[in-house]
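Single-letter residue listing:
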Amino acid sequence: MKNFKTIILSNQEISPGYYRMKILAPGYNELARPGQFVMFRVQRSLPPLLRRPFGIFRAGFLPADCESMPPKEFIEIIYKVVGSGTEIMQGLHHGDPVELLGPLGSGFDPGTPEEEKILVGGGIGLAPLYMLAEKMVEKSKVRLLMGGRSRDDIITVTEFERLGVETYVSTEDGSLGEEGLVTRVLERKLDKYPKASVFACGPMPMIEAVQKICLERGTSLQVSLEALMACGVGACLGCVVKGEGHTEVDPRYLCTCTSGPVFKAEELNWNKAAINGVESGGCK
Amino acid sequence: MKNFKTIILSNQEISPGYYRMKILAPGYNELARPGQFVMFRVQRSLPPLLRRPFGIFRAGFLPADCESMPPKEFIEIIYKVVGSGTEIMQGLHHGDPVELLGPLGSGFDPGTPEEEKILVGGGIGLAPLYMLAEKMVEKSKVRLLMGGRSRDDIITVTEFERLGVETYVSTEDGSLGEEGLVTRVLERKLDKYPKASVFACGPMPMIEAVQKICLERGTSLQVSLEALMACGVGACLGCVVKGEGHTEVDPRYLCTCTSGPVFKAEELNWNKAAINGVESGGCK
Amino acid sequence: MNKSEKNILQPKMAVEVAGLRLKNPVMPASGTFGYGEEYAPYIDLNQLGAVVTKGMSLNPKAGNNTPRICETVSGMLNAIGLQNVGVDAFIKNKMAYLQQYETPVIVNFFGSTQDEYGEVAARLDDVPGVAALEMNISCPNVKHGGIIFGTDPEAAFAAVSLVRKRTNKPLIVKLTPNVTDIQVTARAAEDAGADALSLINTLTGMAVDVKTRKPRLANTIGGLSGPAIRPIAVRLVHQVVQAVQVPVIGIGGISRAMDALEFLIVGAKAVQVGTANFVDPNAMATILAGLEEFCRDEGIADINDLIGSLEL
Amino acid sequence: MNKSEKNILQPKMAVEVAGLRLKNPVMPASGTFGYGEEYAPYIDLNQLGAVVTKGMSLNPKAGNNTPRICETVSGMLNAIGLQNVGVDAFIKNKMAYLQQYETPVIVNFFGSTQDEYGEVAARLDDVPGVAALEMNISCPNVKHGGIIFGTDPEAAFAAVSLVRKRTNKPLIVKLTPNVTDIQVTARAAEDAGADALSLINTLTGMAVDVKTRKPRLANTIGGLSGPAIRPIAVRLVHQVVQAVQVPVIGIGGISRAMDALEFLIVGAKAVQVGTANFVDPNAMATILAGLEEFCRDEGIADINDLIGSLEL
Ligand SMILES: Cc1cc2nc3c(=O)[nH]c(=O)nc-3n(C[C@H](O)[C@H](O)[C@H](O)COP(=O)(O)OP(=O)(O)OC[C@H]3O[C@@H](n4cnc5c(N)ncnc54)[C@H](O)[C@@H]3O)c2cc1C
Ligand SMILES: Cc1cc2nc3c(=O)[nH]c(=O)nc-3n(C[C@H](O)[C@H](O)[C@H](O)COP(=O)(O)OP(=O)(O)OC[C@H]3O[C@@H](n4cnc5c(N)ncnc54)[C@H](O)[C@@H]3O)c2cc1C
Ligand SMILES: Cc1cc2nc3c(=O)[nH]c(=O)nc-3n(C[C@H](O)[C@H](O)[C@H](O)COP(=O)(O)O)c2cc1C
Ligand SMILES: Cc1cc2nc3c(=O)[nH]c(=O)nc-3n(C[C@H](O)[C@H](O)[C@H](O)COP(=O)(O)O)c2cc1C
Ligand code: FES
Ligand code: FES
Chain Y
473 MKNFKTIILS NQEISPGYYR MKILAPGYNE LARPGQFVMF RVQRSLPPLL
523 RRPFGIFRAG FLPADCESMP PKEFIEIIYK VVGSGTEIMQ GLHHGDPVEL
573 LGPLGSGFDP GTPEEEKILV GGGIGLAPLY MLAEKMVEKS KVRLLMGGRS
623 RDDIITVTEF ERLGVETYVS TEDGSLGEEG LVTRVLERKL DKYPKASVFA
673 CGPMPMIEAV QKICLERGTS LQVSLEALMA CGVGACLGCV VKGEGHTEVD
723 PRYLCTCTSG PVFKAEELNW NKAAINGVES GGCK
Chain Z
473 MKNFKTIILS NQEISPGYYR MKILAPGYNE LARPGQFVMF RVQRSLPPLL
523 RRPFGIFRAG FLPADCESMP PKEFIEIIYK VVGSGTEIMQ GLHHGDPVEL
573 LGPLGSGFDP GTPEEEKILV GGGIGLAPLY MLAEKMVEKS KVRLLMGGRS
623 RDDIITVTEF ERLGVETYVS TEDGSLGEEG LVTRVLERKL DKYPKASVFA
673 CGPMPMIEAV QKICLERGTS LQVSLEALMA CGVGACLGCV VKGEGHTEVD
723 PRYLCTCTSG PVFKAEELNW NKAAINGVES GGCK
Chain W
440 MNKSEKNILQ PKMAVEVAGL RLKNPVMPAS GTFGYGEEYA PYIDLNQLGA
490 VVTKGMSLNP KAGNNTPRIC ETVSGMLNAI GLQNVGVDAF IKNKMAYLQQ
540 YETPVIVNFF GSTQDEYGEV AARLDDVPGV AALEMNISCP NVKHGGIIFG
590 TDPEAAFAAV SLVRKRTNKP LIVKLTPNVT DIQVTARAAE DAGADALSLI
640 NTLTGMAVDV KTRKPRLANT IGGLSGPAIR PIAVRLVHQV VQAVQVPVIG
690 IGGISRAMDA LEFLIVGAKA VQVGTANFVD PNAMATILAG LEEFCRDEGI
740 ADINDLIGSL EL
Chain F
440 MNKSEKNILQ PKMAVEVAGL RLKNPVMPAS GTFGYGEEYA PYIDLNQLGA
490 VVTKGMSLNP KAGNNTPRIC ETVSGMLNAI GLQNVGVDAF IKNKMAYLQQ
540 YETPVIVNFF GSTQDEYGEV AARLDDVPGV AALEMNISCP NVKHGGIIFG
590 TDPEAAFAAV SLVRKRTNKP LIVKLTPNVT DIQVTARAAE DAGADALSLI
640 NTLTGMAVDV KTRKPRLANT IGGLSGPAIR PIAVRLVHQV VQAVQVPVIG
690 IGGISRAMDA LEFLIVGAKA VQVGTANFVD PNAMATILAG LEEFCRDEGI
740 ADINDLIGSL EL
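Protein chains in written order, with the numbering used here: chain Y, 473 to 756; chain Z, 473 to 756; chain W, 440 to 751; chain F, 440 to 751.
No lab work stands behind these hints: they were computed from the structure. Wrong hints could be hidden among the right ones.
To be verified - Straight-line alpha carbon distances no greater than 27 angstroms define the calculated DSS-like cross-link-like pairs of lysine-lysine that follow: (1) LYS684/Z to LYS664/Z; (2) LYS650/W to LYS552/Z; (3) LYS544/Y to LYS474/Y; (4) LYS736/Y to LYS474/Y; (5) LYS736/Z to LYS661/Z; (6) LYS552/Y to LYS650/F; (7) LYS653/W to LYS552/Z; (8) LYS544/Z to LYS613/Z; (9) LYS462/W to LYS451/W; (10) LYS474/Z to LYS451/W; (11) LYS650/F to LYS500/F; (12) LYS653/F to LYS451/W; (13) LYS462/F to LYS650/W; (14) LYS552/Y to LYS653/F; (15) LYS462/W to LYS531/F; (16) LYS494/Y to LYS474/Y; (17) LYS736/Y to LYS500/F; (18) LYS462/F to LYS500/F.
As the list claims (entries may be wrong) - Rough simulated footprint, nothing fancy, chain Y against chain F, three-plus residues with beta-carbon under 8 angstroms: (19) 496-505; (20) 509-515; (21) 608-621; (22) 734-742.
Glycine residues also receive a C-beta, built at the ideal position from the N, C-alpha and C atoms.
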């Protein structure tokens, strides 16, 4: 956990509206656990005021430019352009100065090796699942169910396949893979592998549907949530979600940035509107 | 007078901290008169909020890229990096979108052709004098007295020479040209050419010294002033200076943006602190 | 094509404020648009819902010493000091120009005593082409130790009542945000006979030049405007809409259609655009186009259906 | 090397506020720095003039529904709802951590009745390591129809007087900016026994999601903070400094040394940094370095020579 000024190594559009950014990030290979995130800031730019949270997609080493130098570490984030901050980000280039605060938050618990693992990713939500898959493929059978509205929302599937993950794509408009919701695929897979544990990240309606399915079947589920964040370190208390047992009289709020962003399903309160109102697209 | 969205053609550092920016500016060759200015804004950048005023250094035509197309018009501005806005400007490149409001303000009155003309420029203040020189050299003998703190502050003198202007450089530290204040040179020249008329632009202390000299000798003087501006069009009344005859009881304020930025010396009140407080370096 | 689809192709933008029918809800804020003329080369005044002029006083006012303005983070401070040509010169020299346009002219005015307020209003009362008066009560009351009329509900009530007696024109009272409870002043103005309220005027602010140790404004204190103040303005408009029956005009930091929409949704019948005119002289036209586009996208046939649509 | 040159190489940064000697005038603003611990990985707490904790109440408070925060132009709105672990849990679980550091700990607290204020103060009174109390009076008075203590000079006077009786710790009273005349509340707090005043707390604001027509905060209304509010804060601090004898701590939109300097020059003895911590967890260290550099550049041997150096 630290904050440092660094630079962008590359920033490419990988699908319409989706970008992949590589950032020089010393120390991250050792530090970063699957499911963690960074608070990202463009250096020397006043707006937007607050940092933006992004899941760590991948951490790695650049080929060393010279025998005697240690190889450089980087992380990658994958982001969708949705508002003022990500609009500024899409215009950044190699060498542009940025700041990273992280790695932050709890990570996924990869569980026991023998189990079957099912990852469910909705659109940009699949970003934090890659490092998890990387970690699990060695010892477990990992399947990725990737859903999106249309073909443009299906990203980085090849990367998962290269890891040896079995991938299943579905789109709501049928423009790629199977037509329909990713949750339908999930039900089929759980019928087949009833002991699998599930790891999900994506838009709230998807997460809620996944939770319902897993609850009915008693399937172990971990979800990665998004919440509006100011600090990312547990200081502002802006990012809370309702925890298990939360009521108006006895409220139980958990910080998404420190207790999350990954939660075991049973830690959370799944009543309607329990989750921080990110659906509204944040504030502008 | 109009506002339009356009692009930058080039933006080069011409001396440490001084930049020359060429901007595509259709219509400016016909419209722009010597001494006028534009209100400049970087498109799609929130800060700085307000536009920045810059004198028009030069208007011209680009070589036509193709026989059948009319040649493209441009203007050039010369600016010194002093604060938040000019810091952003120095990072702009060819093709970056900007907005220009202008040409604005009164211009210089070039006077009668037979007279000798003396231009006095202090640092970046010489910017609005180039177009004036361009206009006057055909029919008058034009001399430029250019002053600055050190050699870095002496800019574009060669351009004036190419027009056929006789130039005299002085710096306070003697690092280029004569050592001392430009006003000393002015006094010598006025001794020699007592009928010359003077056109001055530069920092307030220089302008005030020039005014004193010209007043004593009855020399005709026009000055171009700087003032903090919000609108540039006479609507906000933020940019006023004190006019001739101004008193606390009977205040007479003139808008720098519409009645100026060029004033005949006799239009202004030259009491101490009569002039809009730009000396303080504006606000941040 | 059925009727509702047709409507949405050209959403209805007309609104009614203080008995005035405006072709759309977008107008400039006083003091940021001169006497209209200054911006005519850049924006078609006929496009606007109304033109609101610089504030007028009984006698010409020279305004404050300089510096008068200063940029701040996403905003600006001004202490122009209400410089204006005086109401008589305005009527004589400025009205003819504005009457060329079909757009209603709203004349902003102020006084330093309640009698002066009354007198200015009376002089404007029978001037043809003046569609309404906007009374700026953010001015010091020289008879009461310089306390701002708008921060003293009783003084506000008395001044508005007097003005009400001296004019038959629709009367808009412009409130100051620098108060503990704006609902109190809003009700005082309404009770005294205002046909509409407009808010917010600038928030009092100050900036210091750390090198010279001097205030950046000759007047030390000035009025903060621009995008920075928008959340405060939206809150105040929301509170006033809930406190009064008369229509409310929203002002404060509006530079995009999105911004104007926030005010309309909380219940403002119209909006005024101030500082944004300086940044982009065409801002109001862009905002207007954005409002129409929003209505079309959202299937709103009449902008009035949007006004006050806040869901709590 | 003569003495004055030596001083300037290492300008003296220590200040005294409410009888506390602080090694420098920079500290976090309550609610933006958690309990200190959250930011310890990013900034050396020993560098700071003081640590100011999240506001404490008698009983734990769960806080508001979500969404609780929202970015605005150069600022943010928050309606956290004063979520905190409660004063007893704080004393038990959080103080030990903070006592590892030499930096004085200022505990911010609040109540919903004057008795609750008094009780929290009493519980903190004999806690070792608590250097001072900061009393947040921007809270609704449940016994008086929810009117904010800080907007009602009598309620503020009564609450501060009671707290004064129940604690021997230095007492800082934190004022709300949402008032017509801050000098009145400032004097009420001083008269009731405050050793220092801090200001400003957030300005009340609101933002609307134009797509959903809902307020962006579940609580509808929230507190605006960040660079956008700085000019208002500087003005208020300037006014309070002129109204009272006790030291004043300046707060509001400080993110750079330049910003802190504005407050010091108008007369604040120290400053608190809030929202800027979220943007840059190292902001206070950078500000501190900038203050030292400014003093060196300007030949100021002791930062106290700068405080109140405003030239009018
Ligand atoms: C732990 C975590 C991990 C995330 N990982 C990714 C990722 O890998 N890729 C990706 O594209 N997005 C990710 N998001 C969402 C991402 O943070 C937002 O899309 C982004 O902040 C939007 O910024 P903006 O300025 O473009 O949008 P605006 O709407 O202009 O932002 C305004 C404010 O709302 C906040 N906001 C808006 N949408 C969201 C959101 N969905 N979640 C949280 N805050 C939001 C912004 O941070 C900002 O404070 C993640 C969010 C969280 C909390
Ligand atoms: C009519 C006119 C013509 C000008 N021509 C030139 C020119 O050709 N080249 C050039 O380099 N400069 C020129 N200036 C000055 C130029 O406008 C300022 O240097 C520039 O605005 C500084 O902006 P900033 O954001 O970098 O500085 P900041 O100090 O960050 O600016 C803050 C605010 O103060 C204003 N401001 C600061 N300094 C000045 C100043 N000297 N004059 C007016 N406003 C100021 C800014 O416009 C802005 O509103 C001219 C000014 C005027 C009025
Ligand atoms: C330079 C300037 C001059 C102003 N003059 C007046 C005025 O004469 N009368 C008035 O009622 N308001 C005046 N105002 C306030 C504006 O009308 C408006 O209420 C305020 O600027 C907030 O809107 P904005 O944020 O869109 O600028 C002035 C504002 C500015 C910036
Ligand atoms: C998320 C958040 C939580 C806050 N919580 C408190 C609090 O518990 N007690 C308090 O007195 N002020 C609280 N404040 C107000 C700040 O201490 C400070 O007065 C205000 O944010 C202005 O400073 P800034 O602009 O530097 O943020 C909070 C502010 C924010 C942004
Ligand atoms: S983002 Fe601040 S506590 Fe989680
Ligand atoms: S800059 Fe607005 S009147 Fe001159």
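Restraint status (C-alpha distance of LYS650/F to LYS500/F at most 27 angstroms) = violated, 32 angstroms
query = Can the restraint linking LYS684/Z and LYS664/Z be considered satisfied, given a maximum Cα separation of 27 angstroms?
reply = Judged against 27 angstroms, a Cα distance of about 18 angstroms means the pair holds.
ask   = Is the Cα-Cα distance between LYS552/Y and LYS653/F 27 angstroms or less?
value = holds, 24 angstroms
query = Are the Cα positions of LYS653/F and LYS451/W separated by 27 angstroms at most?
reply = holds, 23 angstroms
inquiry  = Next pair to validate is LYS474/Z with LYS451/W; report whether the Cα-Cα distance is within 27 angstroms.
reply    = violated, 30 angstroms
task = Would you check the hint for LYS462/W and LYS531/F, treating anything up to 27 angstroms between C-alpha atoms as holding?
result = violated, 65 angstroms
query = Straight-line Cα separation of LYS650/W and LYS552/Z no greater than 27 angstroms?
reply = Holds, at about 20 angstroms.
message = Using C-beta distances, would you say chain Y covers the segment 734-742 of chain F, given that this needs three or more residues below 8 angstroms?
response = That given contact is violated, which follows from only 0 residues of the segment 734-742 of chain F lying within Cβ reach (below 8 angstroms) of chain Y.
query = Is LYS653/W within 27 angstroms of LYS552/Z, Cα to Cα?
reply = Given that 27 angstroms is the threshold and the Cα spacing comes to 24 angstroms, the pair holds.
key: Pairwise hint evaluation, LYS613/Z against LYS544/Z, where the allowed Cα distance is 27 angstroms at most   = The given pair, whose Cα atoms are some 31 angstroms apart, is violated under the 27 angstroms limit.
Claimed coverage, the segment 509-515 of chain F by chain Y - three or more beta carbons nearer than 8 angstroms = holds (count 7)
ask   = Do the alpha carbons of LYS494/Y and LYS474/Y lie within 27 angstroms of each other, as the hint requires?
value = holds, 18 angstroms
The structure fails hints 8, 10, 11, 15, 18, 21, 22 (numbered hints given earlier, in ascending order).
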